[in-house]
Amino acid sequence: MSATPTVPPSLSEIAARRGPPPRTPGPCKIEADRLNFFYGEKRALEDISLQIRPNVVTAFIGPSGCGKSTFLRTLNRMNDIIAGTRVEGEVRIDQLNIYDPGVDVVALRRKVGMVFQKSNPFPKSIFENVAYGLRINGLTASKADLSARVEESLRQAALWDEVKDRLQDSALALSGGQQQRLCIARALAVRPDILLMDEPASALDPIATQRIEELVYDLKRRYTIVIVTHNMQQAARVSDYTAFFWLGRLVEYDRTDRIFTAPAEKLTEDYVTGRFG
Amino acid sequence: MNVHGDLGALVGRSKVQRVEFVIEWALFLCALLSVGTTIGIIAVLAVETAAFLREVSVLEFLFGTEWTPLFAAPKFGVLPLVTGTALVSLIAMAVALPMGLLSAVYLSEYADPRVRRFVKPVLEVLAGIPTVVYGYFALLFVTPVLQELIPDLAGFNALGPGIVMGIMILPLVSSLSEDAMRGVPRGLREGSYALGATKMQTSLRVIVPAAFSGITAAFILAVSRAIGETMIVAIAAGQQPRLTWDPTVPIETMTTYIVQVSLGDTPQGTLEYRTIFAVGMLLFLGTFGLNVISAWLRERYREEYA
Amino acid sequence: MNRALTASLPGSADARHIRWRRLVDRGFQALALAVLLATLAALAALIADVWRDGAGRLSWDFVTSFPSRRASQAGIWHALTGSIFVLVLTAAIAVPIGVAAAIYLEEYGSRSRSARLIEINITNLAAVPSVIYGLLGLSLFVRMLALGRSVLAGAATLALLVLPIVILSTREALRAVPKSVREGSYALGATKWQTIWHQVLPVAFPGILTGLILALSRAIGETAPLITIGAVTFVTFAPDSIWSPFTVLPIQVFNWVSRPQPEFQANAAAGILVLLALLLTMNAAAIWLRDRYRRKDAA
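Protein chains in written order, with this note's numbering: chain A, 1 to 277; chain B, 1 to 306; chain C, 1 to 299.
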């Protein structure tokens with residue numbers, strides 16, 4: 001593998017060349033507007049601006065440490081939990097800046113769900129895992145209602161048939177792939193608009209990975225999905241739009257077929273053809 | 001999907017947030033209670049000691065050599081109690097420190113896992129036995145045995161309870177010293193062995209010195225524990241305040257005195273009542289000072305090997 | 001092989017030196033082992049002595065009788081019930097406050113200056129002699145709050161005494177809960193308290209319970225603070241309310257040990273055996289609970 005290119009003036013050239021963010025046609029679900037993110041003094045994201053369309057799958061790709069996961073976590077303000085972080089710029093969901101001081105983070109996270117890299121089911125039963133979000137947000141009126149919602153979510157996550165007879169069993173007894181689908185069901189239970197997925201299949205075997213990818217494809221009809229992945233083939237298979245990040249900056253953002261066949265930037269081309277990363 | 005309806009839900013301070021705020025404050029107050037305890041201890045001791053010192057001069061209290069506050073012509077010199085405490089503690093430390101350190105060295109450097117798995121629970125048991133049981137042991141077993149060896153030994157003395165107190169404190173010294181030694185980086189050990197040193201040489205010349213502040217912190221904590229110990233001495237050391245370094249005669253410690261007065265019917269607000277607080281204040285200052293030094297040493301040790 | 005090595009070294013002086021060092025090392029090892037064995041022997045002697053003196057007195061009558069001037073008829077019922085009553089009340093006071101304080105320190109305030117100060121304060125409190133807690137209880141609970149020499153005053157005093165233990169062990173239990181559980185909960189829109197109450201506490205529960213049992217094991221043997229607040233040594237009834245005077249098992253043992261007659265000393269030994277049996281049961285319960293929850297998690 002050839003040496004990775006150092007931070008070149010060409011990155012700023014790229015930014016200068018791009019100019020103000022081009023408006024993609026159609027409605028915009030999530031928009032980042034000159035977003036900068038800091039861990040203490042260190043800047044992890046620099047001037048990120050892009051618009052994500054509704055009901056599509058958008059993939060974030062890039063080498064490790066490029067900021068794609070950090071950016072994903074700014075979309076549901078999960079970084080608020082870490083001490084010493086700071087945000088400059090705006091992130092707008094449905095035209096509302098979610099970093100506005102008056103925004104209720106709890107309500108935001110119901111609207112924007114998240115699935116983590118390493119599946120983290122609660123040490124409770126399968127049923128209780130899915131029901132948890134419903135219970136704490138007071139989203140169901142009766143026990144029957146609760147059961148119906150749990151079933152609905154498990155069906156959406158393509159897990160219902162495998163667990164319908166053992167809903168009271170511990171979630172930790174499921175296989176890795178099943179646990180991840182359970183986490184997806186759990187996130188879907190609160191009926192978010194947007195689903196953020198941080199390398200959801202990276203810890204899974206190929207068959208489980210394939211099932212997750214099929215699931216993502218099915219889900220995009222109802223949800224806006226943003227998926228971070230280090231697996232470029234996965235991004236090419238699963239997503240409609242792809243954003244390539246590098247060293248905290250957005251290098252290129254376009255339709256997936258264009259990114260992988262005829263990218264505008266050389267850096268992007270080098271990455272997707274495996275010349276570095 | 002109604003965009004504007006969702007917009008409204010996102011903005012504004014909700015009832016839930018107010019509840020969260022109240023909960024956080026309630027939890028904070030509970031945490032603050034521990035500070036309240038310390039303030040309470042200091043306040044209670046200070047108030048009563050101040051009242052005591054209005055009738056008895058500080059000099060007489062700290063340097064007087066006779067302690068007879070319950071007599072018709074009372075004397076308030078606390079030195080006999082202090083020497084009594086010091087004597088028993090010294091004997092206890094003479095037992096606990098070397099034996100505790102040796103046991104820690106053995107467990108940390110020599111013992112194979114089987115031995116450790118057997119010995120550590122035993123040490124934990126020793127540490128968990130109530131002190132009245134140790135007092136019983138000191139009075140009715142250890143002292144008679146010692147009397148075979150030392151015919152002049154009185155039934156109440158400092159030697160028996162001192163030795164038993166040492167046995168009680170040994171687990172504390174052992175486990176804290178072992179922790180300190182375990183904190184020494186592997187590299188130091190390996191360097192010493194690589195030069196051909198035996199285990200004993202490595203332990204005594206490399207590891208113990210490297211863990212020095214941690215071990216000293218453990219020793220100081222042990223002394224603090226010995227000074228504050230009550231029941232072993234109340235049962236086996238006697239209730240005769242005596243300014244002496246002779247371990248074969250009855251003495252009284254600061255802690256025993258407090259118990260002795262509490263067992264009686266001293267009415268509140270009298271000078272005799274206040275004496276237990278004055279003695280308590282002295283005890284608190286002594287142990288507090290030692291604890292602070294021990295904590296400081298432990299912090300320094302952690303910084304060395306962080 | 002060793003001989004071969006020493007034989008190849010330049011002078012027999014070196015060989016002798018190495019042999020000497022090895023001998024000293026063996027001697028040191030033997031000494032350390034002897035120390036450990038002596039300690040074990042001391043424990044064995046203690047138990048054997050108490051057993052020999054007191055086993056004869058142990059009987060159902062002994063447990064259920066009240067004290068009497070005649071040693072052979074005296075029992076520990078009042079002290080046993082007093083101990084249990086005080087312990088339950090101590091737990092009822094110390095657990096909510098201690099767990100709440102630990103939650104604050106671990107989940108809310110971990111990095112603030114005031115939390116750091118509170119932490120240092122708790123470590124100091126853990127090393128204060130127990131008799132000082134008695135003085136605090138005497139002044140504050142018995143006199144100022146006018147609770148009298150009651151079970152309530154005793155329990156409040158002991159609660160303050162064991163609070164550092166509850167706080168420290170609860171913090172450890174909370175710290176052991178993996179971050180991923182918390183993150184999963186937040187991502188679903190749960191508030192901090194909802195996360196703590198529904199996810200963190202249930203997982204930390206066995207650890208908290210173990211810490212409670214540790215605290216109670218300490219409390220059951222405490223004598224000095226209770227004597228100081230005025231737990232009476234000659235009580236002829238079992239306490240019937242939180243306001244009644246009381247005594248506890250270790251104080252009764254202390255009372256009997258202080259009498260010269262050997263019959264009372266036998267009673268003391270028997271009382272000790274009951275006390276040790278209670279402690280053994282509590283610790284066994286703690287170990288059993290810890291293992292059971294560990295197995296449940298692994299399932």
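By construction, these hints were calculated from the structure, which means they are not laboratory data.
Incorrect hints may have been included.
[To be verified] With a straight-line cut-off of 25 Å between C-alpha atoms, the simulated SDA-like cross-links for lysine to any residue are: (1) A:K143 / C:L168; (2) C:K192 / A:R191; (3) A:K220 / A:P54; (4) C:K192 / A:A141.
Okay, the hints, checked on the actual structure:
| no. | hint | in the structure |
| --- | --- | --- |
| 1 | A:K143 / C:L168 | 39 Å, violated |
| 2 | C:K192 / A:R191 | 21 Å, holds |
| 3 | A:K220 / A:P54 | 9 Å, holds |
| 4 | C:K192 / A:A141 | 23 Å, holds |
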